[in-house]
Amino acid sequence: MATIVELPVQNFEGIVDPDWCPGCGDFGVLKAVKTGAAKAGVLPKDLVVVSGIGCSSNLPGYVHSYGFHSLHGRAVAVATGIRLANTDLKVVITGGDGDGYGIGIGHFIHAMRRNLDLTYVVMDNQIYGLTTGQASPTTTKEARTKSTPNGNVELPINPLALALVSGATYIARGYSGEPNHLSDLISAGIQHKGFALIDVFSPCVTYNKLNTYAFFKKRIYKLEDDKTYDSNNAKTAMEKADEWGDRIPIGVVYKNLQPTYEDSEVAFKNGPLTKQSVNVDKNVFGGLIEEMM
Amino acid sequence: MATIVELPVQNFEGIVDPDWCPGCGDFGVLKAVKTGAAKAGVLPKDLVVVSGIGCSSNLPGYVHSYGFHSLHGRAVAVATGIRLANTDLKVVITGGDGDGYGIGIGHFIHAMRRNLDLTYVVMDNQIYGLTTGQASPTTTKEARTKSTPNGNVELPINPLALALVSGATYIARGYSGEPNHLSDLISAGIQHKGFALIDVFSPCVTYNKLNTYAFFKKRIYKLEDDKTYDSNNAKTAMEKADEWGDRIPIGVVYKNLQPTYEDSEVAFKNGPLTKQSVNVDKNVFGGLIEEMM
Amino acid sequence: MNEVTVGIGGAAGDGIDKSADTLAKSASRSGLHAYGFNSYQSVIRGGHIWLKLRLGEEKVYSQGDHLNALIALNQDSIERHAPEVEPGGAVLFNADKLRVNIPVQDNVMTVPLPIAQLMKPFGAVPPVMQNTVALGALLFLLGMEFDITATVLADTFAHKGKAIIDQNVGVLKAGYEHAREHFVPLGYQWKFSRKRRPFLTGNEAFSIGAVAAGCRFYSAYPMTPASGILTWMAEHSERCGIVVKQMEDELAVANVAIGAGFAGVRAMCATSGGGFALMTEAIGLAGMIEAPVVFIEVQRGGPSTGIPTKTEQADLNQVYGASQGDFPRIIIAPKDTRDCFDSAVEAFNLAEKYQLPVIIVSDLQLSEHPETVEPEHMPATVPIDRGEMVTEWSGEKGEYKRFAFTPSGVSPRALPGTANTLHVVASDEHDEHGILISDVFCNAAVRRKIAEKRMKKMDLALKDLPAPKLEGPADAEVTLVGWGATEGVIREAAQQLNASGVRTNQLHFKYLLPFHAKEATEILKNCKRTIGIEANATGQFARLLRAETGHGVHDQILKYDGEPFEPGTIAKQVRGILKGEKVSLDVNLAEAREIAYHHVRVYMHEEARPGKITKAEGNGFGEPVWQIEIVHRDSGEKQGELQVGVETGSTYTWQPVH
Amino acid sequence: MNEVTVGIGGAAGDGIDKSADTLAKSASRSGLHAYGFNSYQSVIRGGHIWLKLRLGEEKVYSQGDHLNALIALNQDSIERHAPEVEPGGAVLFNADKLRVNIPVQDNVMTVPLPIAQLMKPFGAVPPVMQNTVALGALLFLLGMEFDITATVLADTFAHKGKAIIDQNVGVLKAGYEHAREHFVPLGYQWKFSRKRRPFLTGNEAFSIGAVAAGCRFYSAYPMTPASGILTWMAEHSERCGIVVKQMEDELAVANVAIGAGFAGVRAMCATSGGGFALMTEAIGLAGMIEAPVVFIEVQRGGPSTGIPTKTEQADLNQVYGASQGDFPRIIIAPKDTRDCFDSAVEAFNLAEKYQLPVIIVSDLQLSEHPETVEPEHMPATVPIDRGEMVTEWSGEKGEYKRFAFTPSGVSPRALPGTANTLHVVASDEHDEHGILISDVFCNAAVRRKIAEKRMKKMDLALKDLPAPKLEGPADAEVTLVGWGATEGVIREAAQQLNASGVRTNQLHFKYLLPFHAKEATEILKNCKRTIGIEANATGQFARLLRAETGHGVHDQILKYDGEPFEPGTIAKQVRGILKGEKVSLDVNLAEAREIAYHHVRVYMHEEARPGKITKAEGNGFGEPVWQIEIVHRDSGEKQGELQVGVETGSTYTWQPVH
Ligand SMILES: Cc1ncc(C[n+]2csc(CCOP(=O)(O)OP(=O)(O)O)c2C)c(N)n1
Ligand SMILES: Cc1ncc(C[n+]2csc(CCOP(=O)(O)OP(=O)(O)O)c2C)c(N)n1
Ligand code: SF4
Ligand code: SF4
Ligand SMILES: [Mg+2]
Ligand SMILES: [Mg+2]
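Residue numbers (the numbering used here), protein chains in the order written: chain Z, 595 to 887; chain Y, 595 to 887; chain V, 2 to 659; chain A, 2 to 659.
If you're looking for bench data, these hints aren't it; they were derived computationally from the structure.
Incorrect hints may appear among the rest.
Unchecked claim - Heads up, simulated DSSO-like pairs for lysine-lysine below, C-alpha to C-alpha not over 27 angstroms straight-line: (1) Lys161(A) to Lys735(Y); (2) Lys735(Y) to Lys829(Z); (3) Lys625(Z) to Lys812(Z); (4) Lys639(Y) to Lys402(V); (5) Lys519(A) to Lys583(V); (6) Lys863(Z) to Lys735(Y); (7) Lys163(A) to Lys740(Y); (8) Lys639(Y) to Lys354(V); (9) Lys735(Z) to Lys863(Y); (10) Lys803(Y) to Lys163(A); (11) Lys529(A) to Lys526(V); (12) Lys580(V) to Lys519(A); (13) Lys639(Z) to Lys354(A); (14) Lys402(A) to Lys616(V); (15) Lys161(V) to Lys740(Z); (16) Lys829(Z) to Lys821(Y); (17) Lys457(A) to Lys526(V); (18) Lys398(V) to Lys470(V); (19) Lys803(Y) to Lys398(A); (20) Lys526(V) to Lys511(V); (21) Lys583(V) to Lys464(A); (22) Lys876(Z) to Lys464(A); (23) Lys639(Z) to Lys457(A); (24) Lys625(Z) to Lys121(A); (25) Lys787(Y) to Lys735(Z); (26) Lys803(Z) to Lys19(V); (27) Lys787(Z) to Lys735(Y); (28) Lys803(Z) to Lys161(V); (29) Lys625(Y) to Lys402(V); (30) Lys583(V) to Lys457(A); (31) Lys196(V) to Lys876(Y); (32) Lys829(Z) to Lys740(Y).
Values in this document were obtained by computation on a predicted structure and should not be read as measured data.
I would like the entire structure built from these sequences, with the hints used as guidance.
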């Protein structure tokens, strides 16, 4: 592995100020993404931040790097295309719980089983923020939201457990109230070879009055504090993924090196696709025509 | 629970002969679906079989009942609508692995967390049959298919594990080579209150030369044969879900009674929606207008 | 006509819509008509919200062209809107924080409100209550009755208890009294009819129409500007006995509604452009299996995610081209809020009568702006036609055929649960019984006949729908052609034109598919000069019109900047066209200022604003440029200069002063 | 012209396509031109496959109207196709199992093949090898050279080793020798040019065109009739250095391709109607962020899942209306196989030059039928234009603006990974830099200018594309108007009409958006009588034409039963239209027989077939009916009678004999 040269986080400072509500959890995540990229030593020109649509998905607009603010639910697919086209780029996906676990859950699960080298940071506020407060797939059962005025009747999704059974090779949870811890998780996720999921508690101060800073502050603890915790064990990872109530873990839940998609793609043998000539080899082409005669 | 009056399976005999290849696993599933419905005592007029698109999804056309042969990947959504509209109906979804775990995986996962009273039978042949043999989400790693001539590089999906972490309350696996056993699983799934998944090994004799009858015959064993197996335990269920290799379990992997979606839907307090008048109560309506003045 | 237009400007989260609602309801309870339009941004807090509320003794059809009173809640609002207030009007603002730093027109009263001092007696009240103070002052200035507004507040806060009500009414009173002590009323003399009318948005009218029509199933995925239907439906689901289901995406939304429609309930769903794109495949399914479902597509500024809180009529091509293949479907574009109610009822009837998907096309302006509607136009009892239904079937009639080939193309429909009518519906092509002809039974002759059977229903449906009619003088010099939600604003423009001596009539289309080609051709043939008016960039409806009739429109007024049409602007453009003025796409002075504002907001602190603006030669830019001074907000001192291309609108250079 | 048409009929799984391929390649290696069309069903085994292969010394443009030789692999094929064989032709069949139970035309030779006996010397061979026997016999009858076919087989089975090759050649020889011993050749005298030409489908031509154009990324989800591209691409991915990725659905397919296009590779994806419906939202995204991507939509019979293995041209509305809002995009409908190659190359160039999505519209017939193409028409070196690219940027040039407002509307494109050109692209509306104007920075003026910037590219693109041209006599009595893949069959129909004295010319459209409205209007204005020919039910292209030019077509020939056009049928219909014959939608006798076949297949054992058919009064059915006797397959003994409505096609009653 190449040595990492940390960069000043200022290199990633965007021009535009976020349009989030004062106090929104996403501010902490933004800071952690920039710091995480800096810590991982990625050059701004080699970083592409990809998002869907939602409050959280506005994030790429606030980072000084390349960015692609795509469609609601499609960030993972777009990111896959970028990564496959140019494997010299580091691709970080940022988005919301609705975007990623609701409308986008198909791409999410299928991307994990591909183990492509992508880093996915989900700002999980357990609500649809931008559309002003409807239930999301991680909204707590019985919570009253704009779309569930009589209480939500659906079991929330467990993103960590889903990731565990779907083949993600780096699975972590962060909290936007702990941006340093979070930036370490993101930096490690970027450096991890394979699909990294970082689910982040990022409170929506406007529409989620249940899962607030106070709620998390009381409950979260860091897995790193338990020196005996082995993040390479899928079984205990599943227990941690299921832990929800008075105590909720943050940190690296699971990590495991597996061959990546890139490792087995024959078309990469000559380097990133974007670096290859658009002109076809005449002999190869002649063979294609010959085959049909 | 009402007593069940078993019906003759002939009641469910369709007019049209299946167009499947001779030897296709789906024949056994068809038989088991009809027998399962008969065993569960559902009247043909109260049964709706819903499918997507694929070889397997042609199944509703071969059952004498109501049926809805919908779009590729959308069977679960369509079935949800039918069930919500008329809770007097029993709705059985039948389809393929591509249909359900590929393009349809989002609906699949979200339906499970709703725990709606639906029975989902997936004819898992680990291939795209109807489109003549491309890789499916359950295709074995390294398998050569039409779309992966150099070998499949993606980790197959584990439907049982996904179901376990997503809230399905009845999770079973069957084998089309064991149609009696399978029909019991389906019958129990239909009788189960809540979302029932029955993943069925249903060999594609034309395009899957790996997961053949011989392959399964050698490996499968019935969970029912182990009297100590407790299907109400999520942990051991996950172990069984993960078991793949020389021995592969079939039978009820997990079962657990939880409130269904129907239990908490206030609109059902006057019975199925289809049985309610289309005329609005004048007082209620007057109140709606008054609110806006 | 006796009317007034009030503007309220501020940031998201300032509670502007609530204040406007209180004022509108007060007016409505007095018997005035009201029309509101909220120009807001896709941001939860902050940004710029600009809400206009027009009140009149007679029905008002748009937000109009005027501004008579402004309540400014931030400095931006003063800067941008105070100069628009017309003589005889007033500018109300929080004097504790804001100042009038820009010249206003003659005879415009500035009304600084000492908010803190006025609110002091009420202890710690939330800052949004500054609005209530201003509203109180405004009531006095407009000559509205205090007590009516007090009862509106009492109803609004009924669930919060007496203390809150008293606080609100008290604060309102403080504003009212302050105005009475320090200012003279603006001189409005109202004849209050006292007829109470509901004040509602198009989305609410769709919802209530659906309830009246017996809708029992509503599925949705949140998307501006369609979310209002979900909100209303969810809130009222229990009372109305409707299953309201938020699904995981629009694919699910459409398919779940189709399942419900197939099973026999009246089912509806709604979304906006991007969500509708995801529904298109399902719409073809509904067409193929002949399931009745109502889809609402509320257009917003596109393409793609676009400008989610801005209006546009640019999804017509998408709606028309939804899903592959030829299949029957009906497309309706309601004209106004009342018509949303009617269209919902109609859509359910057409969907069941012809067993097909009906698509209602709305837009942000229609769906989100509130207006008063005559209560008798939204009755509880509406005509309900469920079409040909089979509830019983016996063997004597032969075998039941779900898709029986009939002369009309309509096949009597039996629902699952019915005895002796078992059948399978399929997205694959099928015969009369529903047996597939896509596989071994493939059959070109059967295919031809079932395709014709399905399409036949369109001919019948067309006969059911009223043909378009020319409104206004038959011998008009110019005909304004529009579709959907612009009916009201075009009507007002036509009125202005007729009043100013330009004989104008109006041809407006609500039913887009099937289309009254014959009748429309007949009308268009006799029009002297047609001008198409649409809120999109390519004239999508004019294209449809020419496709159906061979007649295009002679000229077009197209708007695609996200803001709604105003009647005066339309009238002015029509006059220009009639005078033969060429439409220029150059950046005009007002737009140059807007572009400069954009620069200021993105790159500079809040204390700057555009100052002097002059046009100059390009000098190397390949086009002439606007030279725009950027000055200090208060002092007017120059901070730098911006050069903006007159043709392209490109921001070429920014030269700070130092 | 010296030509022959061979038909092969049997069930899926019979290996019919392989035999046809062998024959076609043999012909092609001899220097003949070939055109094949396979009419198959959506079923993996069984069903009815009907493959026609037309061979000629000159280029053949369609499967034609003739049948000179039939290889029947099941009884159905004899019954349905033996009567079509023209005098001088032959019917070959497996005499062990089948019999000619239906009269054939005069001077048609029946060639029973004792398959078992002929194959005996080769031991246990798979049953599909009966085809090879028949092929051997046919080679002799057609006067083709045995050795050439032997080399084709050798190449085909090269990977299976010598034993298999020898077995195949031996079996072929046995058939050949059997025919030589027992039959006389049909008398074809070929001039073999010996020019070798590739024999390939439209899907293969798209693929090879993409390879030549430097495509490096292909994503797909399997869907008939587009899957052929995936198959070819996957097979050749390693050799061509292309990432070929099957995704989880079409939403992913489109978005992954957009990601790749944005990142800088030439990216393509393909699907059919239903899959395309799922891609539409993404196409708007590509338009908005100005990413170059090539989409191929291969139409099949719709609506919905429809008739997946049948051809149609009914997705034009969908493609045209793909995604909400107005945005630039190009739509190309290639005319034939060679044009698929050209269109792929062109599409990549246009996509990058104008930075937009390019949609190629094909159909099942074009994409799946194979034909010979001149090898020099598919060169390895093709023009490549990547458009304005920024590979280096220094601060001196000012800040890089990804969406710089330029007079052309095209903004120089920098790829991620480039220094000093950092930017974010967004589906939300944005300014020149890519900064959102959908939220707090919402700005009507900037919005107007960027919307215009994007749309401007269309004007420029139009100038790049060749205008439509009238082919044939300028003073023609009738002009045949078509689009896309029907060019060849319409060309042949025009040739037939001209030959028979009806002066006919042809106006065919390849570029659908942007559209050469001016040029088309100019041409149409001067046409005496236009007849639109399309494979859909509503005349979608005629509608587009009228929308663009105001000129509709005078008459239409529409086909929507899933089978492809044939030149003779078109010519006959044109003559009918010119004679003023009214088009009837009634079920004709041949169709009544087809409908009866459907009944037999669904409800009766295989040993029945339709017999005598007579037209009768309705007697209570509300329409006249066809009375169709169902008889025993061999004996002709009556089994019962069927009544089918002449107008609706409804199957009213089935009366079994006993
Ligand atoms: C296809 C489509 N459907 C719906 C929307 C509307 N929409 C925008 S953001 C959003 C939800 C955002 O929720 P989440 O991803 O959790 O982000 P948050 O705002 O909470 O950060 C929705 C439904 C859309 N843009 N596109
Ligand atoms: C939107 C859409 N995409 C693609 C297809 C083509 N298609 C039909 S069946 C099928 C796959 C079927 O696989 P599976 O569900 O596993 O069923 P099987 O045939 O194996 O039983 C596909 C991709 C389609 N009908 N619709
Ligand atoms: S609405 Fe919620 S998620 Fe959105 S910006 Fe505000 S606090 Fe953040
Ligand atoms: S292709 Fe496979 S899945 Fe399809 S019918 Fe044949 S054996 Fe069954
Ligand atoms: Mg969220
Ligand atoms: Mg399968």
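Hints and how they fare:
1. Lys161(A) to Lys735(Y): holds, 26 angstroms
2. Lys735(Y) to Lys829(Z): With Cα atoms ~23 angstroms apart, Lys735(Y) and Lys829(Z) stay inside 27 angstroms; holds.
3. Lys625(Z) to Lys812(Z): holds, 23 angstroms
4. Lys639(Y) to Lys402(V): holds, 15 angstroms
5. Lys519(A) to Lys583(V): Given pair Lys519(A), Lys583(V) holds - Cα atoms ~21 angstroms apart, limit 27 angstroms.
6. Lys863(Z) to Lys735(Y): The given pair, whose Cα atoms are some 21 angstroms apart, holds under the 27 angstroms limit.
7. Lys163(A) to Lys740(Y): holds, 25 angstroms
8. Lys639(Y) to Lys354(V): holds, 24 angstroms
9. Lys735(Z) to Lys863(Y): With a Cα-Cα distance of about 21 angstroms, the restraint between Lys735(Z) and Lys863(Y) holds, given a limit of 27 angstroms.
10. Lys803(Y) to Lys163(A): holds, 25 angstroms
11. Lys529(A) to Lys526(V): holds, 23 angstroms
12. Lys580(V) to Lys519(A): At roughly 26 angstroms apart (the allowed maximum being 27 angstroms), Lys519(A) and Lys580(V) satisfy the hint.
13. Lys639(Z) to Lys354(A): holds, 24 angstroms
14. Lys402(A) to Lys616(V): holds, 24 angstroms
15. Lys161(V) to Lys740(Z): holds, 19 angstroms
16. Lys829(Z) to Lys821(Y): holds, 25 angstroms
17. Lys457(A) to Lys526(V): Outside the cut-off at roughly 32 angstroms; violated.
18. Lys398(V) to Lys470(V): Roughly 45 angstroms separates the two Cα atoms, so the pair is violated.
19. Lys803(Y) to Lys398(A): Judged against 27 angstroms, a Cα distance of about 61 angstroms means the pair is violated.
20. Lys526(V) to Lys511(V): holds, 20 angstroms
21. Lys583(V) to Lys464(A): holds, 24 angstroms
22. Lys876(Z) to Lys464(A): Distance ~32 angstroms between Lys876(Z) and Lys464(A) Cα, so the pair is violated.
23. Lys639(Z) to Lys457(A): violated, 30 angstroms
24. Lys625(Z) to Lys121(A): This hinted pair is violated, its Cα atoms lying about 79 angstroms apart.
25. Lys787(Y) to Lys735(Z): holds, 20 angstroms
26. Lys803(Z) to Lys19(V): holds, 21 angstroms
27. Lys787(Z) to Lys735(Y): Holds, at about 20 angstroms.
28. Lys803(Z) to Lys161(V): It holds: about 19 angstroms lies between the C-alpha atoms, which stays within 27 angstroms.
29. Lys625(Y) to Lys402(V): holds, 25 angstroms
30. Lys583(V) to Lys457(A): holds, 18 angstroms
31. Lys196(V) to Lys876(Y): Holds. Lys196(V) to Lys876(Y) sits at ~21 angstroms (cutoff 27 angstroms).
32. Lys829(Z) to Lys740(Y): Violated. Lys829(Z) to Lys740(Y) sits at ~36 angstroms, over the 27 angstroms cutoff.
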